[in-house]
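Q: Following the hints, put chains S, U and E in place on chain L, whose structure we already have.
Protein chains: 4
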Amino acid sequence: MYFLKNDYSEGAHPAVMAALERTNLEATVGYGLDPYCAAAAEAIRRRFACPGADVHFLVGGTQTNFTAISAFLRPWEAVVAASTAHIAVHESGAIEATGHKVYVLPTPDGKLTPALIREAVMAHRTGTEEHMVLPRMVYLSESTELGTVYTLDELTAIRGVCRELGLYLYLDGARLSCALTCGSCGIEPEDLPRLCDAFYIGGTKNGLLFGEALVIVREEFKPYFRNCLKQRGAMLAKGRLLGVQFQAAMEDDLWLRLGEHANRMAAGLREGIRAAGWSFLADSPTNQIFPIFPQTMVDRLAADFAFEEFDALPGGMRAIRLVTSWATTEETVSAFLAALRG
Amino acid sequence: MYFLKNDYSEGAHPAVMAALERTNLEATVGYGLDPYCAAAAEAIRRRFACPGADVHFLVGGTQTNFTAISAFLRPWEAVVAASTAHIAVHESGAIEATGHKVYVLPTPDGKLTPALIREAVMAHRTGTEEHMVLPRMVYLSESTELGTVYTLDELTAIRGVCRELGLYLYLDGARLSCALTCGSCGIEPEDLPRLCDAFYIGGTKNGLLFGEALVIVREEFKPYFRNCLKQRGAMLAKGRLLGVQFQAAMEDDLWLRLGEHANRMAAGLREGIRAAGWSFLADSPTNQIFPIFPQTMVDRLAADFAFEEFDALPGGMRAIRLVTSWATTEETVSAFLAALRG
Amino acid sequence: MYFLKNDYSEGAHPAVMAALERTNLEATVGYGLDPYCAAAAEAIRRRFACPGADVHFLVGGTQTNFTAISAFLRPWEAVVAASTAHIAVHESGAIEATGHKVYVLPTPDGKLTPALIREAVMAHRTGTEEHMVLPRMVYLSESTELGTVYTLDELTAIRGVCRELGLYLYLDGARLSCALTCGSCGIEPEDLPRLCDAFYIGGTKNGLLFGEALVIVREEFKPYFRNCLKQRGAMLAKGRLLGVQFQAAMEDDLWLRLGEHANRMAAGLREGIRAAGWSFLADSPTNQIFPIFPQTMVDRLAADFAFEEFDALPGGMRAIRLVTSWATTEETVSAFLAALRG
Amino acid sequence: MYFLKNDYSEGAHPAVMAALERTNLEATVGYGLDPYCAAAAEAIRRRFACPGADVHFLVGGTQTNFTAISAFLRPWEAVVAASTAHIAVHESGAIEATGHKVYVLPTPDGKLTPALIREAVMAHRTGTEEHMVLPRMVYLSESTELGTVYTLDELTAIRGVCRELGLYLYLDGARLSCALTCGSCGIEPEDLPRLCDAFYIGGTKNGLLFGEALVIVREEFKPYFRNCLKQRGAMLAKGRLLGVQFQAAMEDDLWLRLGEHANRMAAGLREGIRAAGWSFLADSPTNQIFPIFPQTMVDRLAADFAFEEFDALPGGMRAIRLVTSWATTEETVSAFLAALRG
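Chains as they are written, first to last, in numbering that gives the first Met the number 0: chain L, 0 to 341; chain S, 0 to 341; chain U, 0 to 341; chain E, 0 to 341.
If we strip away everything but chain L, and leave its shape as in the complex, we get (with noise of 0.2 Å):
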């Protein structure tokens, strides 16, 4: 079984297992008081080119959405998302769980734009704003649920309405190094704490065990913190397992490679598939692709390869999802496409 299913199906990329196995028996302090911690965020500062942000490392993307966000909104206030944002569907209600309203606007290819953004705001200042809630926080994800990136104009003309009609930007970065690195963005690392008030660096998609690494550059949101990670079950008690993971995937930009090479598989996926006729449900330049072909056919994928099925569509078509990753090799890529010729 080729698996195409998800790019969190393997252990850590081997660079990263191996500073676990050489740090396993050194005794630190816990909860990420650890000089790995402090190295691995020390790191992100000086990559990321935001010397005064505070650097937390949680274990997942759900709990650190949820995490950040209760912490950083008032009783009052709302997040706006797209439809299809991990938090609006995926989460199974965390935000709502935790007080806070997800207000959604439905796009076509999983990016807010700043007229929808505008709306969402407008839609609550209609006079009886008093009997609603507050929107004050934007969350993106980049790139995005269906392998859409925004581009540095895009983010920046987002930031702009943000600042205009005081919104918090809030980007949930779990596939941060394949937005990066797919050539169609132009973000670079340093672009983000100018544009954003906080964002994540996804590490377990992206060949870490597991771990995120939540950045905030709001001086508000800084003061604690950490009771927030602790109150979410978000302060891991061996935190240096973060930071060991962390400080590994930062050198020499690993983080970025790995990335780049979950890229060149879609890519070559992606070329495949298209040079054999088919069509894609989204433009997607990242490891995340949605080719369309007849359920017939993907049934027939689906004995050798492991792969999510999307919407059904006219005619007998059933849209796919292929997830390719650090670990993903060639031969697979090969392998699907001679599946795909028959």
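Incorrect hints may have been included.
[Claimed, not checked] Below 30 Å or equal to it, Euclidean Cα-Cα: the simulated DSS-like pairs (lysine-lysine) are:
1. E:4 <-> S:221
2. E:221 <-> L:4
3. U:221 <-> L:221
4. S:221 <-> U:4
5. S:4 <-> U:4
6. E:4 <-> L:221
[Stated by the list, open to error] Partial list, computed: chain S residues near chain U (C-beta under 8 Å):
7. 27
8. 92
9. 112
10. 117
11. 118
12. 203
13. 209
14. 229
15. 232
16. 233
[Unchecked claim] Reference excerpt, derived from the structure (chain S facing chain L, CB under 8 Å, subset only):
17. 77
18. 89
19. 91
20. 98
21. 99
22. 100
23. 132
24. 155
25. 303
26. 305
Derived by calculation from the structure, the hints in this document are not laboratory data. Note that beta-carbon positions come from the ideal geometry of N, C-alpha and C, so glycine has one too.
A: This is chains S, U and E only, laid out in the frame that chain L set:
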């Protein structure tokens, strides 16, 4: 200034006020355990033909909605509502503040349909439902926020889809009286306990100083609900105020006659406006109507009439909301129609 | 049956009821934006010498407490209260339901002290405070649930420790009128805004049908509080009912005179009971007293008097709670004392 | 520096680490649906003699506690715990953040008793229970935060009072291995499913990189728990990391042998300290001990040994906490005892 702004501009209907005065100096136990609440609950059980139902008296609609919904749902369950629903728009995120997602379905007329409900459920049966909330309750308003009503057939069909899909049915009857007496609804009081798991009979918008009567039909929703009342600030110390008022309202079906009056006043407005050649945003048979006028005329009318402005429409047109109540007079209707004629 | 069970057994004081009747058929805007609420708020600001304070009118005490506390605290912050405090015992976990811990301090007389408050804070400064909540608010009841009062000196000292330790001071004045007029308190209305960050003036237990006036002094607590009111079901549709009642209560200091009356009736009971040789559970100068009788006498008294039984004590003795109100008559006092004599 | 600060200072036991390495590059499905989790769950069900139990793997203790407790309780229900309980003190209000009160009972030794539990319940059966939370769950730690243990008789007696009073019994086994192997406990693994409604087997403090295995025995707690996992950020993407580790831990009862080792190291310290004439704060037979030394000696020891300082005691004395683990060496024990002798 003539008031067509809402159905809670005045105090209480004189009969209700008289009952409060008559009982004012009596001493009773608090918290709704008094004889007046017992008698009012019994009158409701009789009128709605639900001898085994629990009846609780709360102060307002938002309070009733979030107290009931948060008591009935488990943490992983969500409520499905029309995009215009009170709980979705005008309760400042009250449901989410108790931890539950409101899954919103866009509708042109404020009404859910079996097809929409089925679609909502199916969107959560995609193979990733462990990562999603479970839609478990359908929330309906009768009449709706756009003045429209569910007919008996429609409500019966929704009950059917709820039964098939394992959903609870909760009906917000803030304006139930106007719905039942509008002539195109066909629902009798005794239909509601048969079709709903819980519903409330609105008092605030129907001639009481304040108060809603929540009727709990479903057995498993009953235990410990009074602890929930207390926890949500919904257990009125002088609870008998609610019993006294609802007893007065139930007497000789005063509650229905008040709705009839409001509907009749709205019908007068509706027919006059239509006769004058204007159209409406929605086709409402109840006490909220939404005529469309040129903005210039709206501005002129606003000098003498209090009402809410709705959506701006193309061509300088504006929909407004006119609301009648038990307290609206023929004189107000005539004055509005006269003003319309210029 | 004579009622000494609580101070909300009757409806409203006649002057309050008359004001409601007089204004019953007027039409006003809803949600507390009417002229009556404005006038009542202004009267309160004047009487309490706090021209810059925000005044909000809510329906009940539990609602006021959890709406205010959850609006003022951040997710990692806790409120400190006496073990007998209403929020700790008799609000069915309302504060916790909004996500906040109530840190409870045992006290013999229902009163916190600077030493207890300091101890609570120090218990959270142990080197592991990132794993703990942050005590951030002190909750006091004035008078307390045991009928005792904080004197001006005591309240000033608590304010001092709050300032020193960075704590907010919130005062639950459900029975504020009885406290201020009991003769051994020494606090004037104008002291409260100077000493508290927020407090509420109880109406439900002081002659109104219902209603509490929350006074917010601290600047940072003010924005968006009305959204919180709505979210918590605390924004009454016919909000003017609260304004009308508080306006009547503030007129000629009626609110204080009602408290004085209740205190005077309690004093009559207290002196008679003491003269008859009985002792008390707590030394209360206000309208709640806690005499200790043999259980057999308690059983006999219960035939004609409604009251609450408190703790069973050694030797077959039982403390009971007698509560007087604006509506308690001399006749009730005499009857009780006569019954006591057998 | 010798580490006696906690039992999670190092990474994983070599056998656990080897299992992670061995499986690192395998591809599996995510979210705990992989064969390793299935096998580990089966091993646990076998070892604990609970073939029908559900086993879920979570990352940490706080996360396990609040995910389980909030899933099991209804909004009006509270959990009863010792005043030293982890959920009461060191989880930053995590339980309250999910809406539930932790009702705290002071205990000298960290252990609840049937009498204390009964007292807690009776304090909520006073005639005003509709105004109170309902104590519904008992939370025990085995071993406790003070290193003490419940014996089989004690746990059986607590189970009895829980059954009598309608309470659930939940056992936090963060240090379960040390409890079961300490020699004075008498509980076997197979006793736990018989006596508890749910419990967790700690991995983080017992040689895993991280991980806790929650065993749900009670039927009604089982449905939709995986949605709760997701909602609380407790569903690890690479869930198989937990399965792999617990499989290794269950093999040949490694988990028990690790606890035995920790206990043996603690016994060495305890006996040496006692032999040197010092006393202890609590009488602990497990891997946490609390000797009392003069502060001057504590300061001197702190130069070479990492440990936590506990309460300051009269006469310049200080209790400290020494924690041993699977990784503690005889050398560390000897070094500490040598340092003690000066």
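Q: Confirm or reject each hint.
A: The hints, checked one at a time:
1. A C-alpha spacing of about 50 Å is found between residue 4 (chain E) and residue 221 (chain S), which places the hinted pair above 30 Å, so the restraint is violated.
2. Restraint check for residue 221 (chain E) and residue 4 (chain L): the C-alpha separation of about 28 Å stays at or below 30 Å, so the hint holds.
3. Distance check on the hinted pair: residue 221 (chain U) and residue 221 (chain L) sit about 22 Å apart at the alpha-carbon level, within 30 Å; holds.
4. Restraint check for residue 221 (chain S) and residue 4 (chain U): the C-alpha separation of about 28 Å stays at or below 30 Å, so the hint holds.
5. Among the hinted pairs, residue 4 (chain S) with residue 4 (chain U) is inconsistent with the structure: their alpha-carbon atoms are about 42 Å apart, more than 30 Å.
6. Distance restraint check for residue 4 (chain E) and residue 221 (chain L): the Cα-Cα separation of roughly 28 Å lies within the 30 Å cut-off, and the hinted pair is therefore satisfied.
7. At a threshold of 8 Å, the smallest CB-CB gap from residue 27 (chain S) to chain U is about 6 Å, leaving the interface hint in force.
8. The interface hint given for residue 92 (chain S) is met, as the beta carbon of that residue sits about 6 Å from the closest beta carbon of chain U, less than 8 Å.
9. Here the hint on residue 112 (chain S) is broken, as its CB sits about 29 Å from the closest CB of chain U, past 8 Å.
10. Nearest Cβ of chain U to the Cβ of residue 117 (chain S): about 31 Å, over the 8 Å cut. The hint is violated.
11. Interface restraint check for residue 118 (chain S): the shortest CB-CB distance to chain U comes to about 29 Å, outside 8 Å, so the restraint is violated.
12. Look at residue 203 (chain S): its Cβ gets to within about 5 Å of chain U, closer than 8 Å, so that hint holds up.
13. Of the supplied interface hints, the one on residue 209 (chain S) holds, with its beta-carbon coming within about 6 Å of a beta-carbon of chain U, less than 8 Å.
14. Using the Cβ-Cβ criterion of 8 Å, the hint placing residue 229 (chain S) at the interface with chain U is satisfied: the shortest such distance is roughly 4 Å.
15. The beta carbon of residue 232 (chain S) comes within 3 Å of a beta carbon in chain U, closer than 8 Å, and the hint placing it at the interface holds.
16. The criterion of a C-beta within 8 Å of any C-beta in chain U is met by residue 233 (chain S), whose closest approach is roughly 7 Å, and the hint holds.
17. With its C-beta approaching chain L no nearer than about 6 Å, residue 77 (chain S) sits inside the 8 Å limit, and its interface hint holds.
18. With a cut of 8 Å, the hint placing residue 89 (chain S) at the interface with chain L holds, because the nearest CB-to-CB distance is about 4 Å.
19. Nearest Cβ of chain L to the Cβ of residue 91 (chain S): about 6 Å, under the 8 Å cut. The hint holds.
20. With its C-beta approaching chain L no nearer than about 5 Å, residue 98 (chain S) sits inside the 8 Å limit, and its interface hint holds.
21. Contact between residue 99 (chain S) and chain L, as hinted, is supported at the beta carbon level, the nearest pair being about 6 Å apart and thus within 8 Å.
22. A hinted interface residue such as residue 100 (chain S) counts as satisfied when its beta carbon comes closer than 8 Å to some beta carbon of chain L; here the least separation is about 4 Å, so the hint holds.
23. Taking 8 Å as the C-beta cut-off, the interface hint given for residue 132 (chain S) holds, the closest approach to chain L being about 4 Å.
24. With its C-beta approaching chain L no nearer than about 30 Å, residue 155 (chain S) sits outside the 8 Å limit, and its interface hint is violated.
25. Checking residue 303 (chain S) against chain L by beta carbon gives a least distance of about 19 Å; that is not within 8 Å, so the hint is violated.
26. Evaluation of the residue 305 (chain S) hint against chain L yields a violated restraint, the C-beta minimum of about 13 Å exceeding 8 Å.
Checked against the numbered hints above, the structure violates hints 1, 5, 9, 10, 11, 24, 25 and 26; every other hint is satisfied.
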